[in-house]
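Full structure from sequences and hints, please.
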Amino acid sequence: MINVDSQKAFLKQLKVACGHVIVDQSRMKVYETDGLTAKKALPAYVALPETIEEIQACMRLCHAFDVPVVARGAGTGLSGGAMPHEQGLLLSLAKFNRILEVDVDNRLARVEPGVTNLSISDRVRPLGLYYAPDPSSQIACTIGGNVAENSGGVHCLKYGLTVHNVRHLTLVSPQGELYELGSHGYDSAGFDLLALLHGSEGMLGIVVEVTVALLSVPEEVSVVLAGFDSTQEASEAVGAIISGGLLPAGLEMMDRLAIQAAEDFVNAGYPRDAAALLLCELDGSAEEVNQQLHQLRQILTDGGATNIKVAATQEERHKLWLGRKAAFPAVGRLAPDYYCMDGTVPRKALTAVLERISELSRQFDLRVANVFHAGDGNLHPLILFDANQPGELDKAEAFGAQILELCIEKGGTITGEHGVGIEKIDQMCVQFTSQELSLFHGIKAAFDATGILNPGKAVPTLSRCAEFGAMHVHRGNEKFPELERF
Amino acid sequence: MEIKDAAQFLESCTSHSQPVILQGSDTKAFLGRKVDPNNSPAEILSINEHSGIIHYEPTELVIQVRSGSKLADVTAVLEENGQMFAFEPANFNGQSTIGGMVAAGLSGSRRPYAGSVRDFVLGAEMLSATGELINFGGQVMKNVAGYDVSRLLVGSLGCLGLITNVSFKVLPKPEQEMTLRLEMSRADALLKMRELVNSPLVSATAHFDGQLMIRLSGKVKSVNDFSKRLGGELIATESSCWDAIDGQSIFPSEQKLWKVSTAPMSPLFLDEAYLIDWGGAQRWLLESERDIWAEVDKYSSATLMRDSAGGEYVHDGEEVFQPLSTLQKNLHISLKTKFDPAGILNAGRMYSWL
Chain P
1 MINVDSQKAF LKQLKVACGH VIVDQSRMKV YETDGLTAKK ALPAYVALPE TIEEIQACMR
61 LCHAFDVPVV ARGAGTGLSG GAMPHEQGLL LSLAKFNRIL EVDVDNRLAR VEPGVTNLSI
121 SDRVRPLGLY YAPDPSSQIA CTIGGNVAEN SGGVHCLKYG LTVHNVRHLT LVSPQGELYE
181 LGSHGYDSAG FDLLALLHGS EGMLGIVVEV TVALLSVPEE VSVVLAGFDS TQEASEAVGA
241 IISGGLLPAG LEMMDRLAIQ AAEDFVNAGY PRDAAALLLC ELDGSAEEVN QQLHQLRQIL
301 TDGGATNIKV AATQEERHKL WLGRKAAFPA VGRLAPDYYC MDGTVPRKAL TAVLERISEL
361 SRQFDLRVAN VFHAGDGNLH PLILFDANQP GELDKAEAFG AQILELCIEK GGTITGEHGV
421 GIEKIDQMCV QFTSQELSLF HGIKAAFDAT GILNPGKAVP TLSRCAEFGA MHVHRGNEKF
481 PELERF
Chain S
1 MEIKDAAQFL ESCTSHSQPV ILQGSDTKAF LGRKVDPNNS PAEILSINEH SGIIHYEPTE
61 LVIQVRSGSK LADVTAVLEE NGQMFAFEPA NFNGQSTIGG MVAAGLSGSR RPYAGSVRDF
121 VLGAEMLSAT GELINFGGQV MKNVAGYDVS RLLVGSLGCL GLITNVSFKV LPKPEQEMTL
181 RLEMSRADAL LKMRELVNSP LVSATAHFDG QLMIRLSGKV KSVNDFSKRL GGELIATESS
241 CWDAIDGQSI FPSEQKLWKV STAPMSPLFL DEAYLIDWGG AQRWLLESER DIWAEVDKYS
301 SATLMRDSAG GEYVHDGEEV FQPLSTLQKN LHISLKTKFD PAGILNAGRM YSWL
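Just so you know, the sequences run in chain order P and S.
Residue numbers for the first sequence follow this note's numbering, beginning at 1 and rising by one.
Residue numbers for the second sequence follow this note's numbering, beginning at 1 and rising by one.
Hints were generated in silico from the structure; no laboratory data involved.
Certain hints may be false.
Here are the computed lysine-lysine pairs in the DSSO-like style, where the Cα-Cα straight-line distance is at most 27 Å [unchecked claim]:
1) S:Lys221 with P:Lys410
2) S:Lys4 with P:Lys158
3) P:Lys158 with S:Lys173
4) S:Lys169 with P:Lys410
5) S:Lys221 with P:Lys309
6) P:Lys158 with P:Lys319
7) S:Lys169 with P:Lys348
8) S:Lys4 with P:Lys410
9) P:Lys158 with S:Lys221
10) S:Lys192 with S:Lys228
Structural data, given as C-alpha cells:
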C-alpha cells in the first residue's frame with residue numbers, strides 16, 4: 001500500500017472496523033518497543049479491538065490493503081518480536097483481559113489472550129489449582145504472548161513449557177477467518193498445528209482465545225540452597241541430581257559475581273564466599289518430598305557442597321527465591337550496561353561452556369555474571385560493559401557472538417526461551433541451513449500467503465544472514481524495570 | 001537402504017511424481033487409511049535398516065535414535081539405565097520402530113500423568129520429499145529457534161517426510177509400580193479419576209467391566225502407603241492390563257473400534273464406552289452402526305482405530321480421522337504442498353484428500 005489515497009481509504013475503514021484506533025504519534029510512542037528497548041519503530045496505526053469480530057474486521061482490511069500486522073500483548077518480550085512495523089498496524093490485544101471460564105471438573109481455564117500469566121493462577125488458587133508455566137515476567141506478560149514465544153520459566157524443568165500446558169486455541173487467520181486448534185481432551189485430529197503455533201512469534205495467526213490446563217497445587221514444596229567452591233563442582237552436581245533420578249520442580253545456578261550482586265541488593269542470605277550456588281525446588285506429596293530431600297542432601301554433600309540450607313516455610317522459600325529473581329536488576333547495578341544472552345546447551349556441556357565463557361571474559365576484558373536455569377542447560381550470561389567507552393559495545397557484541405557460536409558448537413541452540421524476534425534473526429542463519437530456512441518460509445506461506453503477519457521477524461530471508469545481535473540494556477533503562485526477569 | 005540412497009530415491013520419486021509408501025515395520029497398518037495414490041502404484045521405502053542409538057547419556061535424560069530402531073531394543077537400553085519413555089508407547093507385535101512410534105503419535109496409559117509422544121520429542125532429522133536431509137529442534141530441553149517442526153512430525157503419519165532420527169527426553173523409571181482393582185460403577189469411577197488426576201503417585205487409570213484399575217508409581221514406601229489408602233485388590237501381573245489396552249488387544253474384534261478423545265468429565269459416550277482410560281479423557285467404543293463423528297462435539301475428536309475385521313486397513317474411500325473444518329483442511333493441504341510438492345508421500349493415509 002504505497003499511495004496516499006489508499007492509505008486514507010484504509011484508515012477510514014479501519015476506524016469503522018475497530019472502535020479504538022490511534023494514529024497520533026505521541027500516543028503511539030508507548031508501542032514503539034517491547035522488552036528489547038534497543039529496537040524501536042513507530043507503527044503507522046494502532047488498533048485496540050474489544051471483540052473478536054473487530055479483530056476479524058481489522059485482519060480482513062489489512063489483508064485487502066496488504067498492510068503488515070504486528071500483534072502485541074503486554075510487550076514484555078525480550079527479542080523484539082512485538083516491535084512495530086513502520087508501515088503497519090500494531091494490533092494490541094490488551095483489552096482481551098478476561099478469564100472466560102474456569103472448568104474445575106476438567107481442570108481447564110478458558111481465557112482471552114491479554115490475560116496475564118499470573119492472574120490465571122491467582123484466580124484458581126483458592127480452588128487448589130494453578131497454571132504451571134511461570135516466566136519471571138509473569139505478573140505482566142500475557143498468555144497470548146506466552147503462546148507466541150512458547151514461554152518457560154523456573155518450573156518448566158518439571159512441568160514443561162507453554163506448549164505442554166495449552167489444550168486449545170481459537171485463532172484469527174490473516175484473512176480474518178476464525179478457526180480452532182486442539183481439543184479439551186489430550187488428542188486432536190490431523191497434523192499437530194497446536195504445537196506448531198507455539199513459539200511461532202505472531203507469524204502464523206492471531207491467538208484470540210486460549211484454553212490452558214490447570215494443575216493441583218502440590219501438597220509439599222521445599223527449596224534447598226547449596227554453595228560450592230567452584231562452578232565446575234556446581235555444574236557436576238546438576239548432572240548428579242538429574243542422573244540420581246530426582247526431577248526437581250526447578251534447578252537454578254548463580255556464579256560468584258551474581259551471588260554477590262544479589263546479596264548486596266536484596267540480602268537473601270546467600271553464601272558470599274561461594275564460587276557458585278544451586279537452588280533446587282522439590283515438590284510432591286509430603287512423603288515423596290521428604291525422601292527426595294534426603295537423597296538430594298546426600299548428592300550435594302558428595303558433590304562437595306560447602307553450605308546447604310533447606311527452606312521449609314513459605315517465608316524462607318520466598319527469601320531464597322528472591323535473590324534469584326532479583327539477580328538481573330542486581331547485576332544491572334554493577335555496570336552501566338549489560339548484554340543478556342539466552343543460549344541453551346546440553347547439561348553435560350555446562351562446565352566446559354562456563355569455563356570457556358570465563359576465558360573469553362579475560363580475553364575481552366569484560367566481566368560476566370551467570371544466572372541461569374541449570375536444570376535445562378539454559379544459560380543467561382550477562383556481559384557487563386559501558387557503552388559510553390569507545391569500542392566497548394562492539395567488544396561486548398563480539399563476545400556475545402562467540403558465546404552463541406559456542407552454544408551451537410556444543411549441540412545447543414541460540415535461544416532457549418526468549419525467542420528470535422528481530423534480535424537474533426541473523427543468528428538463525430548459523431543454526432539452520434538454507435533448506436531448513438526455506439521450509440520455515442514454506443510453513444509461513446501455508447498460514448499467511450501474503451506475509452502480512454509480523455514480517456521480518458523470527459525467520460531470516462536467505463539473502464539476509466549477516467551478523468549476530470544481543471539484548472542491550474543501557475543504564476537500567478529497561479522497559480518494565482520493576483519486573484522480575486528470567 | 002543408506003540415507004544417501006534414500007535421499008536420491010525420494011528426489012527421483014518427486015521429480016517423476018512416483019508415489020511412495022514410507023514405513024517402518026508396518027505394525028500400525030490398522031491406523032489411518034490405505035495409501036491410495038491416484039496414478040501409478042506406490043513404491044515402499046522402509047526405514048527398518050536405518051537403526052541404532054546415535055547418542056545416549058542417562059545423565060542428560062536425552063536419547064537420540066535412528067528411526068528404524070526397534071522400540072523394544074531402545075526400551076531395553078533405557079531400562080538398563082533405570083529410565084523410560086514416559087509416554088508409554090505401545091509395541092505392536094513386538095516389532096514397532098521408533099520412526100513408526102513418532103509418525104503415528106500414539107501415547108499409552110501414562111499420557112495424562114506424564115505427557116504425550118510430542119511432549120517428549122526434542123528434535124528430529126528428516127529427509128524431505130525432495131531428498132534434502134534437514135534438522136529441527138535438537139537435544140536440549142528448551143529451544144525456541146524456528147518453527148517447531150519436530151513436534152509437527154509427531155502423528156503426521158509419514159505425510160510430511162521420512163523421519164530419519166529423533167531425540168527424546170526420557171525420564172527415570174519409578175522405583176515401584178503396582179496396579180489396584182476397585183469394583184465400582186462408571187459414574188463413580190469417573191469421579192475417582194477426577195480426584196486422582198494430579199496425584200503425583202498415579203500413573204494410569206482405566207475403567208471397564210465394572211472395575212476401576214489404578215496404577216501407582218513412585219518411591220516404594222509412598223506407593224505402599226498410598227495403595228493402603230486407596231484400598232482395592234492388588235493385581236499380580238501389573239503391566240499386562242495396561243499393555244493390553246495400549247496395544248488394543250483387550251478389545252473384542254467383532255465390531256469397529258472407535259477412540260474418542262474428550263474432556264475427562266465429559267458425558268460423551270460415557271456409558272456406552274467399552275472402556276474409558278486416561279483419567280476419563282479417552283473413551284473406547286465398539287460400534288459399527290452409528291455415525292460417531294456426527295455425535296462428537298467441537299472440543300472432542302473420534303478416530304476409527306480398527307475396522308470390524310481387525311488389524312486390516314480400513315476400506316478405500318472411507319475416512320478414519322475426525323473430519324476437519326474447511327479452514328483447517330486448507331491449512332493441511334497448503335502445508336502438505338510445502339513439505340511434499342508432488343504429493344508422493346503416503347498419499348491418502350491420513351485423509352482421502354491429503
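Hint check results:
1. S:Lys221 with P:Lys410: violated (40 Å)
2. S:Lys4 with P:Lys158: violated (39 Å)
3. P:Lys158 with S:Lys173: holds (15 Å)
4. S:Lys169 with P:Lys410: holds (18 Å)
5. S:Lys221 with P:Lys309: Given that 27 Å is the threshold and the Cα spacing comes to 26 Å, the pair holds.
6. P:Lys158 with P:Lys319: holds (22 Å)
7. S:Lys169 with P:Lys348: Status holds; Cα separation ~14 Å.
8. S:Lys4 with P:Lys410: Distance of about 26 Å is within 27 Å: holds.
9. P:Lys158 with S:Lys221: holds (22 Å)
10. S:Lys192 with S:Lys228: holds (16 Å)
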